[in-house]
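Based on the hints, put chains C, V and W in the right spot on chain Y.
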Amino acid sequence: MTVLVQETAFDPWEALASYERSAPERFAGKTGGAAVFVGSMRDFNQGQTVRAMTLEHYPGMTVKYLEKVEAEARARWPLLDCLVIHRYGPLQPGDPIVLVAAWAAHRDAAFSACRYIIDELKTRAPFWKQEQTAAGRRWVTPEGSGK
Amino acid sequence: MTVLVQETAFDPWEALASYERSAPERFAGKTGGAAVFVGSMRDFNQGQTVRAMTLEHYPGMTVKYLEKVEAEARARWPLLDCLVIHRYGPLQPGDPIVLVAAWAAHRDAAFSACRYIIDELKTRAPFWKQEQTAAGRRWVTPEGSGK
Amino acid sequence: MPTAMPRVTIRYFASLRERLGRAEEVLDLEGIRTVAEVWARATGEPLPANTLVAVNLEYADFSQPLRDGDEVAFFPPVTGG
Amino acid sequence: MPTAMPRVTIRYFASLRERLGRAEEVLDLEGIRTVAEVWARATGEPLPANTLVAVNLEYADFSQPLRDGDEVAFFPPVTGG
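Residue numbers (my numbering), protein chains in the order written: chain Y, 1 to 147; chain C, 1 to 147; chain V, 1 to 81; chain W, 1 to 81.
If you are wondering where the hints come from, they were derived from the structure by calculation, not from laboratory data. Backbone N, C-alpha and C define an ideal beta-carbon position, used for all residues, glycine too. Hints are not guaranteed to be accurate.
Said to hold, decoys possible - So these bits of chain C aren't anywhere near chain V, every CB distance computed over 10 Å:
(1) A9
(2) A71
(3) P90
(4) I97
(5) K122
As the list claims (entries may be wrong) - Below, a list of computed lysine to aspartate or glutamate pairs in the DMTMM-like style, where the Cα atoms sit at most 25 Å apart:
(6) K30/Y <-> D108/C
(7) K68/Y <-> D119/Y
(8) K68/Y <-> E71/W
(9) K30/C <-> D95/Y
(10) K122/Y <-> D95/Y
(11) K64/Y <-> E30/W
(12) K30/C <-> E7/Y
(13) K64/C <-> E71/V
(14) K122/Y <-> D95/C
(15) K30/C <-> E120/Y
(16) K30/Y <-> D119/C
(17) K30/C <-> D43/Y
(18) K122/Y <-> D81/C
(19) K30/Y <-> D95/C
Here chain Y stands alone, though its shape is the one from the complex (with noise of 0.2 Å):
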C-alpha cells in the first residue's frame, strides 16, 4: 500500500509495471484483477484552451489524507494491494496528474476500491488546480473540474 504526492513527473504505465515487480509475491497468482484510473491533464477546460498549470496541495495533509482514504477502502473491500500517485507543482498538458491502482482476488472489489479512491480524492483531497489561460490564471472550481 503506497501513497506518493511527489512533483517529478511519473508515467503511469511504467509506474504500475515497477510496482509489480518490485513485489512480484503479492501479485502473482493471487491477482484476479487490477482496476486503474489515470487522470491526465487536458488542454480545454470550461470551454477554454489551457496552456498550463499549477497543482497547489497542502504539504503533509495530502499524503495523510490519501492514506486514510486507502485505509477505508482495505476495510471496504478484500485487496491484496493500492497504489496512489498524485502530482504537484507545475504541469503541462497531456501530464499524467494521479494514478489510482487497487489489485484484488475478485473484479469488483478492485474496481469498486479503485473508483471509491478516486472519487474521495477528488471531492476531499487538499490539492487545488490553477489554470493559465490566453485571459489569464483561473483558480479551477469544482464544477468544471469534476466529473
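Quick look at chains C, V and W alone, frame taken from chain Y:
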C-alpha cells in the same frame, strides 16, 4: 477502438504504453481520464490450487461480440478510445487474460464504459475456462469465476 | 432437377462439446425449422439448463427459424475475462 | 512568571491565500476558542461559502475548540485528481 483476441501472451502496461504511443494525437491533452481493468489468472479457484488453464473460445464470434459491446459503450458514453485484449489457448498462473481500457475527457465516462465492457465480456463473450488441478481438468462455472 | 436439401452447420463448445463427443456437424433441415428442433434432432437429448445459442455468430432464441447455410452454435454459460 | 499566551498557526491555501494576501500567520487565542472565532479574529471578514477547515492536518468543524500549538488551515473546495 481496437479489439484483439489472441493466443500470444501480453504485458498489459506495455500494451497500454504502446497503444497510446501509436496515436498520440488521440490522447495527449484530450484525455481527462483512462480507466483500465486487467484480469489475470489466479493459482487458486473454488478452494483448489490451479496449475494451468486452457481458454476455449468461439473464433469469429468473440471479436464480433466484443466489437458490439465496445460500440454500445461508445453510444452510451463519450469516449475518446477503447482497447480490449483477450487471450485464448493455454495460460499459466499470473498470466494476464484480459485488458479493458477506456479513455475519455471525464472520469465518469471512462470508468462506466470500462466497467460495462468487462461486465458484458464476463457474462456474454463466448470464452470458456478449463482448469487443471491436482484432481484433474474441470470446466469453470460462472458462479466460481464471476466477481 | 430437385433442389438441394437446406442444411445448417452445428457447432458445440466447451463442456457441451466434450459431453456430446463432437465439435461440429451438418444437419439437413428436413421437416424441422427452429433452433430448438435442430438441437432435438441433432442430439436426441433434452436441452441442458442454461445452454446458450448463437446463429451466424449472434445470440439467438431457441424459437428462431433457420435457413439454408446458417451456422448454429450451442454452448454452456461463458466464463471468460 | 506569567504563562505564555496559547497560540495557533493559521494557514491559507489557493484562492483564499491569494485573496487574503498571506499564506500563514500566528494568532494568540486570547478570548477566543473555536475555529470560527479564529477565522473572524484573523481575517475580520465573513467566511466565504464552502470554505473548508483542517486542524492538525485533519478535516474539522468550525465549532471545534482549539488548543495551544494547533495548526488551523482554511481552504476553498478542492480540485485535485
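How the hints compare with the structure:
1. The Cβ of A9/C lies farther than 10 Å from every Cβ of chain V, with a closest approach of about 16 Å, so its non-interface assignment holds.
2. With a closest Cβ-Cβ approach of about 13 Å to chain V, A71/C is found to remain outside the 10 Å limit, as its non-interface label requires.
3. For P90/C, the condition that its CB be more than 10 Å from all CB atoms of chain V holds, with the nearest at approximately 15 Å.
4. Non-interface status of I97/C relative to chain V is broken: a Cβ of that chain comes within 10 Å, the nearest being about 7 Å off.
5. Annotated as non-interface, K122/C brings its C-beta within 10 Å of a C-beta of chain V; the closest such distance is 4 Å.
6. For the hint linking K30/Y to D108/C, the alpha-carbon distance of about 28 Å lies beyond 25 Å, and the restraint is violated.
7. The suggested pairing of K68/Y with D119/Y holds, with an alpha-carbon distance near 14 Å, which does not exceed 25 Å.
8. In summary, the hint linking K68/Y to E71/W is supported, as the alpha carbons are separated by about 19 Å, within the 25 Å threshold.
9. Between K30/C and D95/Y the CA atoms are separated by roughly 11 Å; this keeps the pair inside 25 Å, and the hint holds.
10. A threshold of 25 Å between alpha carbons decides the hint, and for K122/Y with D95/Y the separation of about 17 Å falls inside it, so the pair holds.
11. Restraint check for K64/Y and E30/W: the C-alpha separation of about 30 Å exceeds 25 Å, so the hint is violated.
12. Between K30/C and E7/Y, the direct Cα distance comes to roughly 22 Å. Compliance with the 25 Å bound is thereby established for this hinted pair.
13. The suggested pairing of K64/C with E71/V holds, with an alpha-carbon distance near 15 Å, which does not exceed 25 Å.
14. Of the supplied pair hints, the one linking K122/Y and D95/C is violated, its CA atoms being roughly 33 Å apart against a limit of 25 Å.
15. At most 25 Å may separate the alpha-carbon atoms for a hinted pair to count; K30/C and E120/Y meet this at roughly 23 Å.
16. Taking the CA atoms of K30/Y and D119/C, the gap is near 20 Å; set against the 25 Å cutoff, the hint holds.
17. Distance restraint check for K30/C and D43/Y: the Cα-Cα separation of roughly 6 Å lies within the 25 Å cut-off, and the hinted pair is therefore satisfied.
18. For the hint pairing K122/Y with D81/C, the CA-to-CA distance comes to about 23 Å; that is within 25 Å, so the pair holds.
19. Of the supplied pair hints, the one linking K30/Y and D95/C holds, its CA atoms being roughly 11 Å apart against a limit of 25 Å.
Violation of the numbered hints given earlier is confined to hints 4, 5, 6, 11 and 14; the remaining hints are satisfied by the structure.
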